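Q: Residue numbers (our numbering), protein chains in the order written: chain A, 1 to 367; chain B, 1 to 495.
If you are wondering where the hints come from, they were derived from the structure by calculation, not from laboratory data.
The structure displayed is predicted, hence computed values, not measured ones.
For every residue, glycine included, the Cβ atom is placed at its ideal position computed from N, Cα and C.
Watch out, some of these pointers could steer you wrong.
[What the hints assert, rightly or not] Simulated restraints, written as ranges between beta carbons of each label pair: (1) B:Pro8 / A:Pro139: 43 to 51 Å; (2) A:Asp66 / B:Lys69: 29 to 37 Å; (3) B:Gly74 / A:Pro139: 20 to 28 Å; (4) A:Asp71 / B:Ile225: 34 to 42 Å; (5) A:Lys24 / B:Thr397: 41 to 49 Å; (6) B:Asn86 / A:Asp48: 48 to 56 Å; (7) B:Thr397 / A:Ile269: 51 to 59 Å; (8) A:Ile185 / B:Asp130: 48 to 56 Å; (9) A:Val135 / B:Glu10: 24 to 32 Å; (10) A:Ile185 / B:Val6: 53 to 61 Å; (11) A:Gly16 / B:Val25: 34 to 42 Å; (12) B:Thr397 / A:Gln348: 43 to 51 Å; (13) A:Asp71 / B:Thr425: 30 to 38 Å; (14) B:Pro8 / A:Ile185: 51 to 59 Å.
[Claimed, not checked] In the DMTMM-like style, the derived pairs of lysine to aspartate or glutamate whose C-alpha atoms are separated by at most 25 Å in a straight line are: (15) A:Lys2 / B:Glu376; (16) A:Lys17 / B:Glu35; (17) A:Lys2 / B:Glu293; (18) B:Lys248 / A:Asp48; (19) B:Lys69 / A:Asp48; (20) B:Lys116 / B:Glu35; (21) A:Lys136 / A:Glu110; (22) A:Lys12 / B:Glu162; (23) A:Lys19 / B:Glu150; (24) B:Lys411 / B:Glu376; (25) B:Lys69 / A:Glu4; (26) B:Lys348 / B:Asp337; (27) A:Lys17 / B:Asp453; (28) B:Lys411 / A:Asp66; (29) A:Lys307 / A:Glu273; (30) A:Lys19 / A:Asp357; (31) A:Lys2 / B:Glu438; (32) A:Lys19 / B:Asp449; (33) A:Lys2 / B:Glu35; (34) B:Lys464 / B:Glu227; (35) B:Lys399 / B:Asp449; (36) A:Lys17 / A:Glu161.
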Amino acid sequence: MKMETDLNRFHKIVRGKIKQSLRKFIASGDLIGRQGKKTINIPLPRIDLPRFTFGDSQKNGVGQGDGSVGDAKNPQEGQSGEGEAGDQVGEHTLEVELTLEELATILSEELELPNIEQKGKKNLEHKEIKYKGLVKRGPESLHHFRRTYREALKRMISSQEYNPDDPIVVPIKEDKRYRSFKEVIHPSANAVILYMMDVSGSMGDEQKEIVRLTSFWLDTWLSHQYKGLEKRYIIHDAAAKEVTSEIFYRTKESGGTLISSAYKLALEIIEQEYPAADWNVYLFHFSDGDNWSGNDTTECMRLLEEKMIPRVNLFCYGQVESRYGSGQFLRDLKKYFGEENERITLTQIRDRNAIMDALKLFLGKGK
Amino acid sequence: MFQHTVLPMELQEIITLIEEKSRSVGLDFFPTLFELVDYQQLNEIAAYGGFPTRYPHWRWGMEYERISKSYTYGLSIIYEMVINNNPCYAYLLRANSLSAQKTVIAHVFAHCDFFKNNYWFSKTNRKMLDQMANHAAVIRNFINDVGHEEVENFVDVCLSLENLIDIQAPFKHTPAVEKEDAEGKRIHVAKMQSKSYMDQYVNPKDYLEKQEAKLRLAAETQQRIPEEPESDVLKFLLEYAPIPAWKKKVLRVIRDESYYFAPQGQTKILNEGWASYWHSKMMTEICPLEPSEIIDYCDHNAGVIANHPGQLNPYRLGVELLRHIEHRWNRGKFGIDYLNCQDRKKRKEWDTQAGLGQKKLFEVRKFHNDITFIDEFLDEDFCHDAKMFLYDFDPRTGKSVISSRDFASVKAQLLLQLTNFGQPTIKVIDGNFHNRNELLLRHLHEGVDLKQDFAVESLQNIHKIWTRPVHLETVIEKVPKRIQFDGTTHTIEKM
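So here's chain A without its partners, still in its complex pose (with noise of 0.2 Å):
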């Protein structure tokens, strides 16, 4: 077909446009609400060519219809717009439909995102017998009894053999049904992210949208790269606790910081249930970097460099910035671990724009 070309040309250019105007998404939290629906709607600015027309601003008409001096236009719609004689169109913003899958083919052709090296088996698999369909040749053990009978009675009435003062049915070789089974091929989840939050009184609203935007796009870039992801959550002010993604999200607590016990929490998870040679992890912690005590912090680089580390392909801190917070942890983190570290990103999230840079050097290592 010939329009293909031309709508495959229509969405390449979409695709630019939406590349060009990707930090503005990336900082706008409207995309969120759509999470877990398979396509998000992006609104653009226009594509249309520009051209000398007139303004709308001066917007006047004539219309037909009842109604008397000063009643509106379109009592049921009272919206603005259109009614003009003639075939012009009305003014539309452009709404682009894109799966979640382009828009991380986007993301990473903008960030420039290498992908990432699997370890453990390759893209692990389960297979599954379902039975479905039928087919009209088989082993007995699978004979489909009700089918053939509804098979053999089809034939019986149409060939008028069927009586219905002596229903018997009998069916012959030609009715018979046979369940049939396909082998399905799950991919099962070798990859998990766990994301740790500090939900301290210190975390504001704002710290907790940034927080919330960026895992979203981690999201959706990671979830691009395996396929079954598997998410967990934990919060953390003195004590940790593993919640739901929703709670992740809108919960505000008050109090101290431990951030060891976050750490302590998420190891238990990993040795747990993610043995390191065939799950991927990935780590990733916010918080406002204003940790109790300098012997917590002490605590918590001895379990990054001795246990967490080396069990996990990535860990990530984001330091959002808040108004009470000291920032002290990202600096000891630092010092500890220097300002280059293969294994682990440090970075500083100042505030939504941000963000876009976050994602470039957590996602930027390949890992």
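Once you have looked at the hints, place chain B on chain A.
A: Same frame as chain A, now just chain B:
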């Protein structure tokens, strides 16, 4: 796309019948070829503006997506597509019910009649289908030669200017004599006074010749380009812009197509009105539907001429105004006596049994376009009966509000909207502005400002063709201003 589909027998018979009946009532059209297509094909053809053979461009893709979406969500449905060409091509939606198919076929024949006989269509290329295919070939060749990206970018530039044509141009007769001043203007070289026998020494011949040549050159360079303000901006650019041959060719293609489509914009109300008038006449009187089909037909017809709350539907306005004319001429409601009659009752009951309605309608379809149609026939009675009103945008409430039902202002506004087929009129004033090869354009402001960001971007596109600074005089919020673009930045100054 153009392999001729074999129509079902039943449909072919209907077409033959309706064609025969249409001709018998005086409709006169080119041979018309019908094709049955499914909704995807029809949407595709519609996206291409009726021509599946058009040059490759992303905007067809965009249009296709828009149409398909709105079809999928049930917002709009295209029943048919008919192309002004000889022979006429008409595409019918396969999914139409038989009664809808009949209505649509009658509608199509009336459109074809309009294409063939309306004066404003008389200058269009009747082999446009072939021409479009040629245009596509031309552009494809350039894509092969200079690259896809480059051609597409330039097509984008041209398309953004495609409405800068002079819709009157095809009907203008340029008198041949006008060009006299190039030769005819006397070049007079002042001579020193002298006796005749001294003349050749006082006023040496070669000196005089040199002076004359100088003066002639000066006269030529002083000539303004263009001599008169030029509404066909694209033509001006074609003639004078320093662009390579391939770009010229592309610009010419876009301009040709623009001229081809212009009459359709100019006659939307009349053309749709005419087709709707005839489809209802055919379906109810001349070759009536089966009784069982009538409900379906009414439903379909009501959808076509529905009055969307507070909007103007060109189908409805057109058909109502045509019926109004038919009614008037049938009862002899015309001429000086009628027009001067002030007695409402008498006017209402006026009937001379003239019976000229249909004859008048054929005349209207021959000579009028939307503007002249509205201007001449939209009278106070009609305006009142059709419940027409003027609305204004109320910025406080963000709503459009009915502001008046006054006949004169309704008509004035309607005519204004139709002027230059709803596009702003922009003319080239000077191609050597500031004596520096800069381009000066003027927008003839008729009360509505240009959309400013678009205007600036379009101006930048003109600059891409003209390559020297470009200026546009317009009015922004009642202040005359000049928008200029010099290749890097644009400025807006008070004049």
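Q: Assess, step by step, whether the Cα of Lys116 (chain B) is no farther than 25 Å from the Cα of Glu35 (chain B), and give holds or violated.
A: 20 Å, holds
Q: Look at the Cβ atoms of Gly16 (chain A) and Val25 (chain B) and judge whether their distance stays inside 34 to 42 Å.
A: 54 Å, violated
Q: Against the 25 Å threshold, does the CA-CA distance of Lys136 (chain A) and Glu110 (chain A) hold or violate the hint?
A: Violated, at roughly 53 Å.
Q: Tell me if the straight-line CA distance from Lys19 (chain A) to Glu150 (chain B) falls inside 25 Å.
A: Given pair Lys19 (chain A), Glu150 (chain B) holds - Cα atoms ~21 Å apart, limit 25 Å.
Q: Do Asp71 (chain A) and Thr425 (chain B) keep their Cβ atoms within the hinted range of 30 to 38 Å?
A: This hint holds: roughly 33 Å between Cβ atoms.
Q: Taking the beta carbons of Asp71 (chain A) and Ile225 (chain B), is their distance inside 34 to 42 Å?
A: 53 Å, violated
Q: Would you check the hint for Lys464 (chain B) and Glu227 (chain B), treating anything up to 25 Å between C-alpha atoms as holding?
A: 24 Å, holds
Q: Sort out whether Glu35 (chain B) lies within 25 Å of Lys2 (chain A), counting only the CA atoms.
A: 18 Å, holds
Q: Against the 25 Å threshold, does the CA-CA distance of Lys411 (chain B) and Glu376 (chain B) hold or violate the hint?
A: Between Lys411 (chain B) and Glu376 (chain B) the Cα gap is close to 11 Å, so the pair holds against 25 Å.
Q: Please verify whether Lys19 (chain A) and Asp449 (chain B) have alpha carbons no more than 25 Å apart.
A: With a Cα-Cα distance of about 33 Å, the restraint between Lys19 (chain A) and Asp449 (chain B) is violated, given a limit of 25 Å.
Q: Can you confirm whether the C-alpha distance between Lys17 (chain A) and Asp453 (chain B) stays at or below 25 Å?
A: 18 Å, holds
Q: Against the range 43 to 51 Å, how does the distance between the Cβ atoms of Pro8 (chain B) and Pro139 (chain A) compare: consistent or not?
A: 48 Å, holds
Of the numbered hints given earlier, the model fails hints 3, 4, 5, 6, 9, 10, 11, 14, 15, 16, 17, 21, 31, 32 and 36; all others are met.
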